[in-house]
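J.: This is what each chain is made of:
2 protein chains.
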Amino acid sequence: MNHTLETILNHRSIRKFTEDKLTNEQIHTLIKAAQQASTSSNVMAYTIIGVTDPILKNELRKVSGQTYVEHNGHLFVFCGDLHRISQLAKPEELVEMEETIESTEQFIVTTIDAALSAQNLAIAAESMGLGICYLGSLRNDIYRVSELLGLPEYVIPLFGMAVGTPAHKPELKPRLPFEAVYHENKYKTDESQQTSISFYDAQLQEYYQTRSSNTKTDKWSGQMIRKYRNPIRMDVSSFVKEQKLNKR
Amino acid sequence: MNHTLETILNHRSIRKFTEDKLTNEQIHTLIKAAQQASTSSNVMAYTIIGVTDPILKNELRKVSGQTYVEHNGHLFVFCGDLHRISQLAKPEELVEMEETIESTEQFIVTTIDAALSAQNLAIAAESMGLGICYLGSLRNDIYRVSELLGLPEYVIPLFGMAVGTPAHKPELKPRLPFEAVYHENKYKTDESQQTSISFYDAQLQEYYQTRSSNTKTDKWSGQMIRKYRNPIRMDVSSFVKEQKLNKR
Numbered sequence: 001m002n003h004t005l006e007t008i009l010n011h012r013s014i015r016k017f018t019e020d021k022l023t024n025e026q027i028h029t030l031i032k033a034a035q036q037a038s039t040s041s042n043v044m045a046y047t048i049i050g051v052t053d054p055i056l057k058n059e060l061r062k063v064s065g066q067t068y069v070e071h072n073g074h075l076f077v078f079c080g081d082l083h084r085i086s087q088l089a090k091p092e093e094l095v096e097m098e099e100t101i102e103s104t105e106q107f108i109v110t111t112i113d114a115a116l117s118a119q120n121l122a123i124a125a126e127s128m129g130l131g132i133c134y135l136g137s138l139r140n141d142i143y144r145v146s147e148l149l150g151l152p153e154y155v156i157p158l159f160g161m162a163v164g165t166p167a168h169k170p171e172l173k174p175r176l177p178f179e180a181v182y183h184e185n186k187y188k189t190d191e192s193q194q195t196s197i198s199f200y201d202a203q204l205q206e207y208y209q210t211r212s213s214n215t216k217t218d219k220w221s222g223q224m225i226r227k228y229r230n231p232i233r234m235d236v237s238s239f240v241k242e243q244k245l246n247k248r
Numbered sequence: 001m002n003h004t005l006e007t008i009l010n011h012r013s014i015r016k017f018t019e020d021k022l023t024n025e026q027i028h029t030l031i032k033a034a035q036q037a038s039t040s041s042n043v044m045a046y047t048i049i050g051v052t053d054p055i056l057k058n059e060l061r062k063v064s065g066q067t068y069v070e071h072n073g074h075l076f077v078f079c080g081d082l083h084r085i086s087q088l089a090k091p092e093e094l095v096e097m098e099e100t101i102e103s104t105e106q107f108i109v110t111t112i113d114a115a116l117s118a119q120n121l122a123i124a125a126e127s128m129g130l131g132i133c134y135l136g137s138l139r140n141d142i143y144r145v146s147e148l149l150g151l152p153e154y155v156i157p158l159f160g161m162a163v164g165t166p167a168h169k170p171e172l173k174p175r176l177p178f179e180a181v182y183h184e185n186k187y188k189t190d191e192s193q194q195t196s197i198s199f200y201d202a203q204l205q206e207y208y209q210t211r212s213s214n215t216k217t218d219k220w221s222g223q224m225i226r227k228y229r230n231p232i233r234m235d236v237s238s239f240v241k242e243q244k245l246n247k248r
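Order-wise, the sequence lines are chains A and B. Residues 1 to 248 in the working numbering are what the first sequence lists, from first letter to last. Residues 1 to 248 in the working numbering are what the second sequence lists, from first letter to last.
No lab work stands behind these hints, which were simulated from the structure alone. It cannot be assumed that every hint is accurate.
Same chains, same names: a pair is fine if it fits in one copy or spans any two.
Think about it this way: if two alpha-carbon atoms lie no more than 35 Å apart in a straight line, the pair counts; the simulated DSBU-like pairs of lysine-lysine are [unchecked claim]:
(1) 90 with 227
(2) 244 with 90
(3) 241 with 227
(4) 186 with 21
(5) 21 with 32
(6) 21 with 247
(7) 62 with 227
(8) 16 with 90
(9) 241 with 169
(10) 21 with 188
(11) 90 with 188
(12) 244 with 219
Computed from a predicted model, the values in this text were never measured in an experiment.
Turn these sequences into a full structure, and let the hints guide you.
T.: Here's what the structure looks like:
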C-alpha cells in the first residue's frame with residue numbers, strides 16, 4: 001500500500017492538540033494543496049480564512065462549544081465565495097449575473113468547491129504528521145461567525161478545520177459496510193440495505209463498548225433517529241438567502 | 001516532499017482514458033478510501049453509484065455531452081443521500097424527522113459529506129497511477145440522471161467522476177494566487193484582491209497561449225463574467241426541492 005492510501009485509511013478526527021503552532025511554510029504548503037483540488041469550471045468559488053487572533057478564536061469557540069476550536073496548531077474557516085466573481089463585473093454586468101450567482105446550482109458549486117479544497121488540505125496535513133478535525137459546529141451560529149469574519153454578500157462560512165500536532169490517538173471508527181454505500185447502476189432499496197445497517201449497528205456498538213475512552217452503549221440507527229428528531233441550525237437557510245445565495 | 005503531497009500537487013483533470021477497466025479490487029480500495037473521509041456526526045449522508053451498464057453510460061454521456069463519461073476505466077456518481085437515514089425510522093418517527101431532513105442545513109451536510117468522500121477517492125486513485133475527472137455536467141439534466149439511476153426521495157445526484165488509466169498528460173493549470181484565496185482573521189476586500197486577480201489574468205492568458213493543445217486567448221475575469229451572464233441548470237433548485245431536500 002502506498003503512503004497516500006495509508007494516510008487516507010488512517011484518518012481519525014483529532015480533538016486534542018499540542019500548543020505547537022503551524023509555521024508559515026506549513027500553512028503555505030497546505031493552502032497550495034487545497035488549491036490544487038478540482039474546481040467547477042475553474043471558478044475557485046471559496047476563500048479560506050486562517051484565524052490567529054486569540055480574541056476571535058475565543059469567540060468562535062463560544063459558537064462551537066469545542067475547546068479544540070481555540071487550542072490547536074492553526075484554525076481554518078472554509079467559506080463558499082461567489083463575492084470574488086461578483087467583483088470582476090461592471091455594475092451593469094453584475095445585474096445580468098445575479099440570476100446565476102443566486103441559484104441553488106451555484107450554491108452547490110461553491111459548497112463542493114470549498115469541500116474539495118478542504119479535503120485536500122486535510123489529507124496534506126495528515127501526510128505531514130498533523131491531525132485535523134472538521135468543525136461543522138461553526139454553523140451553530142452562522143450569523144455570528146459571518147459577523148466575526150466580516151463576510152460580505154455572496155460569502156458563507158461552511159465549516160472550520162482545526163489542524164495541529166495530535167495529543168491523543170483515538171481508535172479508528174468503523175464505517176458503514178461497502179454494500180450500503182456503493183451501489184451498482186441503480187440505487188438499491190432492497191433488504192440487503194437493512195442487513196448492512198443491522199451489521200453496522202452491532203459493529204458500532206462493539207466499538208463504543210471497547211474503545212479506550214468515553215465508552216457507551218449505543219447503536220447507529222438509534223443515534224441517527226435521535227439526532228434527526230431534534231431540528232438544529234434551522235437559521236442556516238435564512239442566513240444563506242440573506243447572503244444572496246441559494247435564492248432561486 | 002512526501003508521496004501524498006506530490007500526488008495532490010500533481011493533480012490535473014484527465015479527459016482521455018485507455019479502455020482498461022478498473023478491477024474489483026481497485027474499486028473496493030477506492031470506496032474504502034472514500035468512506036474514510038470525515039463525515040458530519042457520522043451521518044455518512046452519501047451513496048456512490050458505480051455505473052457499468054453500457055446503455056446507462058451512453059445515456060449519461062448524452063446528459064453531459066462529454067465522451068469521457070462513456071469511455072473510462074470506471075464511472076462513479078456521487079449522490080447526496082438522506083434516504084438511508086429516513087429508512088431507519090418508524091413512520092411516526094419519520095414525521096418528526098422531516099423538518100431536519102428537509103432543511104438547508106442538512107442539504108449542506110449531505111453535499112459536503114459526498115464531496116469529502118469524492119476527494120478522498122480522487123486522491124486515492126491518483127496515488128495508484130489513475131487519472132480522474134469530476135463531472136458536474138451530470139447536473140445539465142439532473143431530473144434525467146435521477147430517473148436513470150432510480151433515486152428515491154431524499155437522494156440527489158451531485159456529480160460524477162470518471163476514473164481510469166490516463167491517455168494524455170495535460171499541463172498543470174495555474175490557480176489564483178495564495179493571497180486571493182487565503183485571508184487572515186477577516187475577509188479581505190481591499191485592492192490587494194484586484195492586484196491578485198490582474199496577476200492571475202496575465203498568468204492564465206500565458207497558460208492558454210502556450211499549452212500544447214487547444215490554445216486560445218482568454219482571461220479568467222472575462223471567462224467568469226461570460227459564464228455567469230448565462231444562467232445554467234436553473235432547474236436544479238426545483239429538482240432538489242421535489243426530492244424533499246433544501247426545502248426549509
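J.: Against each hint, give a clear statement of whether it holds in the structure.
T.: To see whether the hints hold, each was checked on the structure:
no.	hint	in the structure
1	90 with 227	between (46 Å within a copy, 14 Å between copies)
2	244 with 90	within (18 Å within a copy, 37 Å between copies)
3	241 with 227	both (25 Å within a copy, 22 Å between copies)
4	186 with 21	between (47 Å within a copy, 19 Å between copies)
5	21 with 32	both (18 Å within a copy, 32 Å between copies)
6	21 with 247	neither (40 Å within a copy, 41 Å between copies)
7	62 with 227	within (22 Å within a copy, 40 Å between copies)
8	16 with 90	neither (47 Å within a copy, 38 Å between copies)
9	241 with 169	neither (40 Å within a copy, 41 Å between copies)
10	21 with 188	between (46 Å within a copy, 23 Å between copies)
11	90 with 188	between (49 Å within a copy, 20 Å between copies)
12	244 with 219	between (40 Å within a copy, 26 Å between copies)
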